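Trainee: The lines below spell out each chain.
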Amino acid sequence: MSIIYILPMAASLIGALLCLARIEKFEEIISVIMSVSTIIFSIVILFLPDVSDAFLFLDGISKIMILTISIVYTMTVIFSTTFLKYIDEPLFQKRFYYLLLNLFAFSMFFSVSVNNLGLVWVGIEATTVTSALLVAVENDESSIEATWRYIIIVSSGLVISFISNVLIYAATDTLDISKLLTMNAFSALLPLGGMMAIIGYGTKAGIFPMHTWLPDVHGKAPAPVSAIFSGVLLPVALYAIIRVIQFTPVAYVKTFALVLGFLTVIIAASLMAVQTNYKRLFAYSTMENMGMALIGISLGGYALIGVFVLIISHAFAKSSTFFLSGNLLSRYKTLKIDDVKGVAKRMPSTAYTLLFDAMAITGMPPFGTFFGEIMIILVLLSVLNIGWTLLLVGFLALAFISMNFKVGKMIFSDSEGEKMDRKRIGTLVPIIDTVFSVAVIFFIPFISKVIK
Amino acid sequence: MKDFFMLIGFSEVLLVIFMQWEVYVTKIVKTFSIGSYIISIFLFYLSFVQHSYLVLILAILTAAIRGFFIPTFILRRLSKDPRRERESKPAMGTAFSIIISLVIAIFAYVLYDVTMLNFVGVLSGAIPVALIFQGAFLIISRKNAFIQLIGYMVMENAAFLFTGYLFPDLPFSVEAGTVLDLIGVVMISGIIMRMRESTPKKSDDFDELRG
Amino acid sequence: MVILSVIQLIYVLALAPLIVGIISTTEEKIESKKGPSIFQPYYDLIKLFKKENVVPAKSSPIFRIGPYVTFALYMLLTLVLPIITAFPLQFGPVVDFIGGGLTFGAAATFKKLMALDSRSNYAHLGTSRSASIGALSEPITVLIFIMLGVISQTNNPYVINNVLQTSTTWYLSLVHWFVAAAFFMVLLVETGKLPIESHSTAELGSIDQSMEIEYSGPDLAFFKWGGYAKQFLLMSVFLNVYTIPFWVPMKMDWNAILIYMGIQLLKLMGLAIVFAFFEESVSKFRLLKNFDYISIAFSLAFLSFLAFSVSR
Numbered sequence: 001m002s003i004i005y006i007l008p009m010a011a012s013l014i015g016a017l018l019c020l021a022r023i024e025k026f027e028e029i030i031s032v033i034m035s036v037s038t039i040i041f042s043i044v045i046l047f048l049p050d051v052s053d054a055f056l057f058l059d060g061i062s063k064i065m066i067l068t069i070s071i072v073y074t075m076t077v078i079f080s081t082t083f084l085k086y087i088d089e090p091l092f093q094k095r096f097y098y099l100l101l102n103l104f105a106f107s108m109f110f111s112v113s114v115n116n117l118g119l120v121w122v123g124i125e126a127t128t129v130t131s132a133l134l135v136a137v138e139n140d141e142s143s144i145e146a147t148w149r150y151i152i153i154v155s156s157g158l159v160i161s162f163i164s165n166v167l168i169y170a171a172t173d174t175l176d177i178s179k180l181l182t183m184n185a186f187s188a189l190l191p192l193g194g195m196m197a198i199i200g201y202g203t204k205a206g207i208f209p210m211h212t213w214l215p216d217v218h219g220k221a222p223a224p225v226s227a228i229f230s231g232v233l234l235p236v237a238l239y240a241i242i243r244v245i246q247f248t249p250v251a252y253v254k255t256f257a258l259v260l261g262f263l264t265v266i267i268a269a270s271l272m273a274v275q276t277n278y279k280r281l282f283a284y285s286t287m288e289n290m291g292m293a294l295i296g297i298s299l300g301g302y303a304l305i306g307v308f309v310l311i312i313s314h315a316f317a318k319s320s321t322f323f324l325s326g327n328l329l330s331r332y333k334t335l336k337i338d339d340v341k342g343v344a345k346r347m348p349s350t351a352y353t354l355l356f357d358a359m360a361i362t363g364m365p366p367f368g369t370f371f372g373e374i375m376i377i378l379v380l381l382s383v384l385n386i387g388w389t390l391l392l393v394g395f396l397a398l399a400f401i402s403m404n405f406k407v408g409k410m411i412f413s414d415s416e417g418e419k420m421d422r423k424r425i426g427t428l429v430p431i432i433d434t435v436f437s438v439a440v441i442f443f444i445p446f447i448s449k450v451i452k
Numbered sequence: 001m002k003d004f005f006m007l008i009g010f011s012e013v014l015l016v017i018f019m020q021w022e023v024y025v026t027k028i029v030k031t032f033s034i035g036s037y038i039i040s041i042f043l044f045y046l047s048f049v050q051h052s053y054l055v056l057i058l059a060i061l062t063a064a065i066r067g068f069f070i071p072t073f074i075l076r077r078l079s080k081d082p083r084r085e086r087e088s089k090p091a092m093g094t095a096f097s098i099i100i101s102l103v104i105a106i107f108a109y110v111l112y113d114v115t116m117l118n119f120v121g122v123l124s125g126a127i128p129v130a131l132i133f134q135g136a137f138l139i140i141s142r143k144n145a146f147i148q149l150i151g152y153m154v155m156e157n158a159a160f161l162f163t164g165y166l167f168p169d170l171p172f173s174v175e176a177g178t179v180l181d182l183i184g185v186v187m188i189s190g191i192i193m194r195m196r197e198s199t200p201k202k203s204d205d206f207d208e209l210r211g
Numbered sequence: 001m002v003i004l005s006v007i008q009l010i011y012v013l014a015l016a017p018l019i020v021g022i023i024s025t026t027e028e029k030i031e032s033k034k035g036p037s038i039f040q041p042y043y044d045l046i047k048l049f050k051k052e053n054v055v056p057a058k059s060s061p062i063f064r065i066g067p068y069v070t071f072a073l074y075m076l077l078t079l080v081l082p083i084i085t086a087f088p089l090q091f092g093p094v095v096d097f098i099g100g101g102l103t104f105g106a107a108a109t110f111k112k113l114m115a116l117d118s119r120s121n122y123a124h125l126g127t128s129r130s131a132s133i134g135a136l137s138e139p140i141t142v143l144i145f146i147m148l149g150v151i152s153q154t155n156n157p158y159v160i161n162n163v164l165q166t167s168t169t170w171y172l173s174l175v176h177w178f179v180a181a182a183f184f185m186v187l188l189v190e191t192g193k194l195p196i197e198s199h200s201t202a203e204l205g206s207i208d209q210s211m212e213i214e215y216s217g218p219d220l221a222f223f224k225w226g227g228y229a230k231q232f233l234l235m236s237v238f239l240n241v242y243t244i245p246f247w248v249p250m251k252m253d254w255n256a257i258l259i260y261m262g263i264q265l266l267k268l269m270g271l272a273i274v275f276a277f278f279e280e281s282v283s284k285f286r287l288l289k290n291f292d293y294i295s296i297a298f299s300l301a302f303l304s305f306l307a308f309s310v311s312r
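Residue numbers (my numbering), protein chains in the order written: chain R, 1 to 452; chain B, 1 to 211; chain Y, 1 to 312.
Treat the hints with caution; some may be incorrect.
[What the hints assert, rightly or not] Pulled a few chain B residues facing chain Y out of the computed Cβ check, cut under 10 angstroms:
(1) M6
(2) F10
(3) V13
(4) W21
(5) Y24
(6) F68
(7) G93
(8) A95
(9) S97
(10) I99
(11) S101
(12) L102
(13) A105
(14) D113
(15) L123
(16) L170
Because the hints were derived from the structure by calculation, they are not lab data. From a predicted model like this one, the values you see are computed outputs, not experimental measurements. Beta carbons are placed, not taken as given, at the ideal position from N, Cα and C, and that holds for glycine.
Produce the entire structure from the sequences given, and follow the hints as far as they go.
Mentor: Below, the structure is given as structure tokens:
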């Protein structure tokens with residue numbers, strides 16, 4: 001029976017291997033089929049009981065992560081089929097792109113379903129290995145430089161999480177997540193290991209002092225890759241932090257995570273105000289959302305549901321945003337906000353989707369992100385005094401204003417340019433994503449039931 | 001055991017300081033290779049002390065991959081373009097970076113003393129911690145991609161030393177996974193570095209990567 | 001005891017030029033040249049003593065008395081360091097290790113004053129280089145003395161020798177060997193060896209050499225002889241205190257001391273040959289690179305401190 005739990009992994013891996021076949025258009029078809037099948041499998045898994053054996057550990061959190069990954073993965077694959085032709089000099093052939101994309105999805109599925117913290121580490125490091133070349137697809141100097149920063153900073157951060165694994169093992173004599181979650185005795189090394197894990201995985205999740213690679217990579221990677229990075233890769237890194245905080249019942253570790261999350265929101269919101277490059281603007285918005293999620297993770301309990309509502313709806317909304325940024329880039333050939341004018345007239349469908357997405361990723365009702373952030377903030381109010389909470393809300397408002405002001409400027413400014421034709425799939429996929437991010441609110445009770 | 005570990009640890013520290021001093025990439029790569037062999041000697045010794053075959057396999061893996069394969073791979077990449085073999089513009093002066101490296105070692109020692117000593121109880125565990133920080137500093141202080149990669153692997157080596165000495169009974173699958181991932185990182189880095197050399201230079205492009 | 005002091009003084013002054021001769025002859029031999037006799041420094045000194053002094057017109061009396069003052073300071077040091085005995089001689093209590101370091105420093109300072117007073121641009125060049133390198137190598141020496149103090153609980157070179165001779169733990173400890181390595185690097189700086197200074201006539205790289213450029217006759221002879229004695233003393237300290245403290249007689253015993261005088265000469269010859277090989281195998285650093293070298297020496301001394309803390 002437990003074979004069903006590894007089917008998402010198996011599907012993406014088989015998809016990756018089949019991409020090696022030298023048949024025209026085959027890799028696109030097979031990737032779409034396999035990614036859609038992962039959605040089906042993950043929905044089936046959602047209704048199956050939790051599993052915990054020697055290799056796998058899936059509870060509600062893992063199941064929701066798998067579902068999110070599979071949907072964003074599918075959207076990315078579908079969007080890639082239309083987008084790849086806009087890259088002038090790709091680094092490698094199309095089939096290698098799909099090969100790496102499928103392997104990337106495989107490593108993410110692997111990371112969230114294994115029952116060993118060491119293997120979670122291996123999986124997250126593997127996401128770095130498989131995704132690095134995807135960032136460099138555009139094959140110009142700055143994208144390669146961004147890739148290099150990504151590799152070296154994230155790998156160095158993950159060395160710290162490796163040490164944290166060692167310390168956690170020293171403190172508890174096990175690395176099995178199922179055992180760690182039920183243990184009751186541990187030595188005092190555990191909090192230290194927990195804090196190092198937050199730093200190490202936080203590097204991958206773009207948490208404040210270690211975030212420097214994030215805007216570079218999101219700014220330079222091709223749109224679908226930015227979308228999958230922002231949508232699910234960073235939450236996968238947060239997944240490891242969620243696990244660590246779950247089994248570390250120490251107050252100051254949680255406070256540490258809270259402070260880091262707080263700082264991330266503040267820094268990201270302040271930097272959003274000064275961005276002139278729309279992809280980097282969206283990247284800092286991702287950072288801000290990850291900061292909010294980390295705050296929620298550190299609070300735990302009710303806020304954790306908020307975290308998942310936030311992560312899921314953000315994953316859809318942000319991947320949609322990045323897809324649209326790809327549409328903008330392929331038509332306008334620039335990343336500067338000032339040079340993109342009159343989107344509403346020239347690309348109406350993209351423009352209005354982007355307008356909704358900009359609201360969604362900054363937490364406007366009725367999008368899921370709003371409810372997620374509200375849940376986190378309500379729990380935060382019971383922990384911190386009102387002043388700190390208001391400070392946080394103030395920075396969220398700053399992020400909201402700068403994002404929507406800049407996006408609005410791009411969309412509603414005047415332009416003499418003529419209307420540009422567009423591909424159907426390229427605009428359809430973002431719309432579907434945006435609808436999903438609204439639809440998340442209907443599933444909040446279901447999410448809370450699954451996580452409980 | 002403790003004396004042997006001290007000897008290994010301090011020779012690693014000395015090798016890192018030598019790397020800070022050196023400007024020729026080939027020599028730094030060879031120094032790293034020597035450092036990896038020294039660590040594998042330590043693991044061999046550990047396997048004899050503990051009568052553990054897994055540690056022996058780990059020692060052989062370390063020697064083969066970190067000592068031989070990775071340096072050879074990097075050196076082969078290097079010889080394609082001799083121009084890159086030397087760091088032309090170091091980010092900071094050599095003497096300064098050596099002194100900073102020492103200060104970092106002291107900082108790591110104090111950090112270890114404050115945080116972990118009470119639980120681990122072995123004072124010489126501070127050496128690998130210092131090595132991790134020094135490896136990170138090597139990444140920060142150099143611009144050459146190869147040296148940065150070496151700095152990353154110095155961190156990895158230090159993590160291995162740390163694990164091997166203080167917590168030798170870590171599950172084997174985890175450590176083997178680490179080694180395999182390292183191969184992946186190095187291969188990808190090799191491709192990226194070759195591309196860094198071959199792509200045309202556009203100077204105005206880098207403004208996008210600031211702020 | 002007084003006799004022993006006198007013997008030690010004569011021993012040092014008489015053999016100092018020989019060691020210099022051995023180093024240069026060995027270097028020439030390594031280069032497959034015939035090379036000068038190992039007694040060449042003696043011939044040089046004798047020849048210089050026969051010549052007359054020439055003094056720059058504008059110099060002050062410091063220029064004249066300088067060589068004699070530095071020579072006297074090195075003679076004083078000869079009386080207080082463990083060279084042929086490992087127990088304090090008559091003048092042993094006068095200074096400890098720090099005091100010895102200060103005396104060396106005083107001699108170096110006087111040398112710089114002399115060079116400044118010679119009113120030659122080359123001498124000034126050498127002085128400024130020597131001062132900037134010396135200012136950085138001095139803290140290393142202090143750190144080394146502190147670490148020796150940690151090992152022996154004292155600043156007395158004789159006690160340090162005895163501790164290292166008798167305690168295998170200390171002798172084999174990383175603390176000791178880091179100190180020894182750091183001192184070796186400082187020794188190369190202080191004695192003006194490659195990779196710091198090359199013995200060519202090129203002014204661009206010369207440091208200590210250019211400081212004696214205006215001297216001639218007996219003044220130059222004393223200047224050079226003092227330099228030889230300094231090198232001899234530092235090498236002896238390196239051997240007897242840092243690396244090979246063995247066989248030095250710890251008790252008053254005429255036979256042992258007599259035999260040891262021969263052993264000491266052999267040790268020094270060995271070190272001289274090591275120096276010669278070292279000089280032949282490295283090339284000179286650019287001047288600014290010397291500071292990197294010094295920072296390495298400093299880090300070695302500092303690592304010994306770290307090793308001590310870690311092995312507590």
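Trainee: Any hints from earlier that this structure breaks? Give me their numbers in increasing order, please.
Mentor: 5, 6, 16
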